[in-house]
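Asks: Residue strings, one per chain:
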Amino acid sequence: MIRFILLQNRQGKTRLAKYYVPLEDSEKHKVEYEVHRLVVNRDPKFTNFVEFRTHKVIYRRYAGLFFSLCVDITDNELAYLECIHLFVEILDHFFSNVCELDLVFNFHKVYLILDEFILAGELQETSKRVCIFSYALTIPYIL
Amino acid sequence: MNPFSSGTRLRDMIRAIRACKTAAEERAVVRKECAAIRAAINENDQDYRHRNLAKLMFIHMLGYPTHFGQMECLKLIASPGFPEKRIGYLGLMLLLDERQEVLMLVTNSVKQDLNHTNQYIVGLALCALGNICSAEMARDLAPEVERLLQFRDPNIRKKAALCSIRIIKKVPDLAENFINPVAALLKEKHHGVLITGIQLCTDLCKVSPEALEYFRKKCTDGLVRTLRDLVNSPYAPEYDIAGITDPFLHIRLLKLLRVLGQGDADASDAMNDILAQVATKTESNKNAGNAILYECVETIMSIEDNGGLRVLAINILGRFLSNRDNNIRYVALNMLMRAITVDAQAVQRHRATILECVKDSDASIRKRALELVYLLVNESNVKPLTKELVDYLEVSDQDFKGDLTAKICSIIEKFSPEKIWYIDQMLKVLTEAGNFVKDEVWHALVVVISNASDLHGYTVRALFRALQTTAEQESLVRVAVWCIGEYGDLLVNNAGMLNVEDPITVTESDAVDVVESAIKRHASDLTTKSMALIALLKLSSRFPSCSGRIKDIVVQHKGSLVLELQQRSLEFNSIIEKHQNIRSALVERMPVLDEASFGGRRASSLPNTVSTSNGTAVKLPNGVAKSSAAPLVDLLDLSDDVPAPSSSGGDFLQDLLGVDLAPATQSEGTSQAPKAGTDVLLDLLSIGSNPAQDNSVSTPDILSSAQDHKPAIASLDVLAAPSLTQASSSTASNMMDLLDGFAPAPPKPANNGPAYPSIVAFESSSLRLTFNFSKQPGNPQTTTISGTFTNLSSNVFTDFVFQAAVPKFLQLHLDPASGNSLPASGNGTITQSLKVTNSQHGKKPLVMRLRIAYKVDGKDVLEEGQINNFPRDL
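Sequence order for the protein chains is A and B.
Following this note's numbering, the numbering of the first sequence begins with 1 at its first residue and continues without gaps.
Following this note's numbering, the numbering of the second sequence begins with 1 at its first residue and continues without gaps.
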């Protein structure tokens with residue numbers, strides 16, 4: 001089961017944080033800080049899996065953003081690595097060559113996409129087309 | 001309308017915040033926006049509610065508190081329109097979690113939305129429920145979600161499935177309700193529904209054993225078919241990843257098959273073919289393929305045994321190990337550790353690759369590989385493996401050295417085939433990484449060295465050579481100094497040369513040089529210096545020509561600020577100057593340390609033993625050494641396994657020397673006595689208590705009683721070693737006191753006393769104890785008693801334990817009993833041997849109190865008594 005998903009840039013700013021387990025706000029900040037520290041200092045030659053408290057974090061760096069998934073110890077790491085990649089592809093497709101700024105200004109849409117892709121800590125849909133063209137995303141916002 | 005509320009659009013607010021150069025500026029902007037939002041909330045502004053919530057969500061993501069917006073979420077959720085509901089649910093999931101009470105207020109809205117005619121609104125509600133519902137909400141809304149599992153739209157079905165997962169995690173009792181709908185889900189064609197249905201099925205099986213049985217019987221074949229269709233399916237662009245159709249579905253199916261096949265032979269049979277097919281056909285040049293293979297291997301290892309499949313799995317892991325990708329290697333090492341329990345032989349074949357991984361640059365791979373290597377070591381491959389590991393020790397990182405050293409030492413100890421190899425390897429390790437070696441390890445090395453009497457010469461020469469090259473490793477210096485002290489004469493005479501050795505010439509003064517440099521080294525700590533001092537004392541006896549020079553070195557520490565060194569220096573100096581006649585007796589070759597007892601004790605109770613020794617060591621530097629004078633005399637009888645002395649000191653001396661035996665243990669036990677109060681040894685009912693274990697002979701008895709007295713101080717590890725030399729040095733001092741008094745008096749003539757009559761020491765209605773006496777010639781004070789227990793009742797006694805206590809002027813020693821089960825009605829007996837030494841022999845008779853504990857039919861019975869009928873002149 002996925003416990004939380006974090007998107008952070010190299011400076012430590014969280015661009016997306018989705019928690020599937022209940023945590024206090026202060027605990028969330030602590031977790032984000034720790035995961036960032038863990039992930040930002042790792043050499044690219046090292047494995048993409050780090051032990052974090054009693055779970056493990058699977059992360060990957062895309063340009064200036066770190067995509068981190070915290071999962072249970074018994075989960076298949078390689079599968080979650082594929083999962084991260086699929087999510088990035090979906091975002092790329094939706095925003096047409098996504099960059100960090102897209103994610104900042106359209107954070108509400110990113111959350112909606114994520115909710116189509118992963119629900120209750122488990123994978124929901126493996127088809128890019130279904131995630132991107134879901135009805136929830138078709139109704140525009142005027143914000 | 002409030003002029004502030006319609007002001008900034010979301011995009012503009014984000015831009016404004018990003019334009020802030022300092023944190024203070026940002027805080028100001030955020031504060032302003034929050035004020036506007038709060039004002040809008042107070043006015044109950046309808047038009048911009050969704051925009052305000054979006055702004056609030058952004059501010060929350062920056063880390064500011066936003067709890068005042070929680071009610072806004074509720075209001076938006078209650079609105080009729082889809083866009084408002086959408087942002088309302090989004091805000092709900094971001095700003096709240098299941099522990100907040102506000103969530104309860106939402107239950108009704110969610111329930112209505114679950115029954116909404118617009119399926120997309122149903123979808124929104126399911127999504128929110130699946131992410132943050134609490135246990136009460138789950139219970140309330142479970143029937144709705146169950147119904148939705150059969151909804152017409154597949155998207156709703158898949159969301160309902162995942163929502164159900166959360167519900168059964170929160171409320172496991174509801175699991176049964178979901179079994180039937182799930183069986184239908186497993187037959188779906190839509191990938192999304194299939195994958196979520198499978199996940200729900202897996203979680204159901206984890207939570208409910210009935211569900212597991214049901215699915216195992218009904219659905220295994222269907223799942224195998226689905227997987228086969230998936231593997232053989234043609235190219236599907238929508239789900240294709242790296243040439244494989246929907247690898248996630250592959251992986252989920254494999255996981256469910258694992259859960260179903262674990263522990264059940266039929267189910268495992270049904271899936272053998274498809275597992276073999278997946279294992280062989282899947283391409284492994286891309287991560288997706290490797291992910292599937294990994295899951296497949298995990299499944300194969302977990303289900304019931306099928307030899308061919310297991311071999312296939314391990315081969316895949318072997319291939320993974322040689323992959324250049326670190327991720328794959330890490331995953332393979334993890335899996336191999338679990339595979340060892342299943343099939344160790346197969347894993348052995350990949351030993352070479354695993355060894356390579358120990359040297360990898362990634363720290364987590366190194367750690368895993370080292371653990372795996374440790375599990376792979378057996379008698380046949382220990383030599384090459386150790387050689388590799390020791391070679392690597394030289395080039396490894398500092399932070400890894402500690403782990404590596406500990407593992408190497410364990411391997412060497414557990415599997416060493418012969419002593420000379422053990423000593424060689426340990427010397428290499430000490431030379432390379434002595435500072436990382438723990439105390440127990442080099443203590444064990446000393447014990448082994450002392451036992452390998454034919455290797456003494458070889459060892460001391462090797463150590464001498466090693467010290468010439470490196471002298472920074474503390475443990476190496478200590479072991480070397482001890483050996484040179486003990487076997488210095490072998491060093492100089494080149495005695496016991498083995499064929500593999502090169503001859504070296506070492507003069508006596510060379511040997512003294514080495515020990516002197518150990519003392520003079522600034523980095524040497526207290527233990528090393530203390531050991532060096534006593535080594536010098538030994539050398540002064542073995543090399544009389546260097547005696548003067550040694551005396552000069554020893555005297556230098558007369559004024560040392562450390563009490564330990566000062567004391568030793570003064571005492572040894574005194575021995576060298578004034579007591580040459582007993583010096584050689586004092587420092588003659590140490591008797592062989594008992595490996596078995598040392599090893600056994602280490603294995604079972606090392607913390608206690610070490611801490612007991614620490615306990616003593618604490619006392620002695622505070623100058624309490626003299627107080628041990630009296631109890632030391634009492635502890636004479638602990639030296640059961642002392643060989644006959646060659647010196648002329650008589651029994652008295654030999655017994656005192658015997659305190660040197662098994663240094664880390666007996667002396668700890670003995671000197672523990674004064675520490676815990678002089679009455680420990682003489683404490684009624686704790687003395688001579690015999691746990692009737694099969695642990696070795698003499699000392700565990702006292703020790704096990706001593707172990708019950710947890711010493712207060714356990715932190716002075718560094719003084720653990722000096723405890724042995726402490727005992728000997730305090731022995732030396734006491735000996736001088738005692739001998740100054742005794743020296744003129746010749747030892748008493750041996751009194752080979754008459755045979756003594758046996759007595760019935762104790763008799764009750766159910767038990768009889770008979771004592772038979774004998775004395776050793778020349779040792780009138782010590783009596784050997786052979787006790788025989790007979791069971792007079794008609795019940796068998798189990799867990800039979802005999803304990804005895806004696807007053808202060810006697811010393812008692814108990815050997816282990818012949819057994820701990822006494823057959824009924826005298827059909828068998830238990831014998832136990834005791835030794836009593838009477839320091840007031842001739843003046844006071846023996847007296848003893850008994851306590852016998854045993855079990856009859858599981859009930860504990862205790863018998864106590866006093867023996868007053870010992871023969872008079874024992």
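None of these hints come from the bench; they were simulated from the model.
One should not assume that every hint holds.
[Unchecked claim] Result set (DSBU-like, lysine-lysine): computed pairs, CA atoms no more than 30 Å apart in a straight line: (1) Lys45(A) <-> Lys808(B); (2) Lys109(A) <-> Lys438(B); (3) Lys835(B) <-> Lys28(A); (4) Lys30(A) <-> Lys21(B); (5) Lys808(B) <-> Lys56(A); (6) Lys109(A) <-> Lys419(B); (7) Lys32(B) <-> Lys28(A); (8) Lys835(B) <-> Lys30(A); (9) Lys551(B) <-> Lys13(A); (10) Lys206(B) <-> Lys18(A); (11) Lys808(B) <-> Lys835(B).
[What the hints assert, rightly or not] Pair by pair, the computed Cβ-Cβ distance ranges are: (12) Glu34(A) <-> Arg31(B): 39 to 49 Å; (13) Leu38(A) <-> Lys383(B): 15 to 25 Å; (14) Asp92(A) <-> Lys438(B): 47 to 57 Å; (15) Ala63(A) <-> Gly307(B): 27 to 37 Å; (16) Asn315(B) <-> Ala63(A): 10 to 20 Å; (17) Glu51(A) <-> Lys383(B): 25 to 35 Å; (18) Ile139(A) <-> Asp266(B): 46 to 56 Å; (19) Phe68(B) <-> Pro22(A): 36 to 46 Å; (20) Lys438(B) <-> Pro22(A): 21 to 31 Å; (21) Asp403(B) <-> Asp92(A): 16 to 26 Å; (22) Pro22(A) <-> Glu283(B): 13 to 23 Å; (23) Pro22(A) <-> Asp273(B): 15 to 25 Å; (24) Ile139(A) <-> Leu105(B): 17 to 27 Å.
[To be verified] Okay, the calculated bits of chain B under chain A, using three or more residues with CB under 8 Å as the criterion: (25) 229-242; (26) 585-593.
Note that CB positions come from ideal geometry on N, CA and C, so glycine has one too.
Asks: Compare the structure with each hint and give your call.
Replies: Against the structure, the hints:
| no. | hint | verdict |
| --- | --- | --- |
| 1 | Lys45(A) <-> Lys808(B) | violated, 71 Å |
| 2 | Lys109(A) <-> Lys438(B) | violated, 58 Å |
| 3 | Lys835(B) <-> Lys28(A) | violated, 69 Å |
| 4 | Lys30(A) <-> Lys21(B) | holds, 24 Å |
| 5 | Lys808(B) <-> Lys56(A) | violated, 62 Å |
| 6 | Lys109(A) <-> Lys419(B) | violated, 71 Å |
| 7 | Lys32(B) <-> Lys28(A) | holds, 25 Å |
| 8 | Lys835(B) <-> Lys30(A) | violated, 66 Å |
| 9 | Lys551(B) <-> Lys13(A) | violated, 71 Å |
| 10 | Lys206(B) <-> Lys18(A) | holds, 25 Å |
| 11 | Lys808(B) <-> Lys835(B) | holds, 15 Å |
| 12 | Glu34(A) <-> Arg31(B): 39 to 49 Å | violated, 28 Å |
| 13 | Leu38(A) <-> Lys383(B): 15 to 25 Å | violated, 40 Å |
| 14 | Asp92(A) <-> Lys438(B): 47 to 57 Å | holds, 54 Å |
| 15 | Ala63(A) <-> Gly307(B): 27 to 37 Å | violated, 48 Å |
| 16 | Asn315(B) <-> Ala63(A): 10 to 20 Å | violated, 38 Å |
| 17 | Glu51(A) <-> Lys383(B): 25 to 35 Å | holds, 34 Å |
| 18 | Ile139(A) <-> Asp266(B): 46 to 56 Å | holds, 51 Å |
| 19 | Phe68(B) <-> Pro22(A): 36 to 46 Å | violated, 20 Å |
| 20 | Lys438(B) <-> Pro22(A): 21 to 31 Å | violated, 43 Å |
| 21 | Asp403(B) <-> Asp92(A): 16 to 26 Å | violated, 42 Å |
| 22 | Pro22(A) <-> Glu283(B): 13 to 23 Å | violated, 41 Å |
| 23 | Pro22(A) <-> Asp273(B): 15 to 25 Å | violated, 44 Å |
| 24 | Ile139(A) <-> Leu105(B): 17 to 27 Å | holds, 26 Å |
| 25 | 229-242 | holds (count 3) |
| 26 | 585-593 | violated (count 0) |
The structure does not agree with the numbered hints 1, 2, 3, 5, 6, 8, 9, 12, 13, 15, 16, 19, 20, 21, 22, 23, 26 stated previously, though it agrees with the rest.
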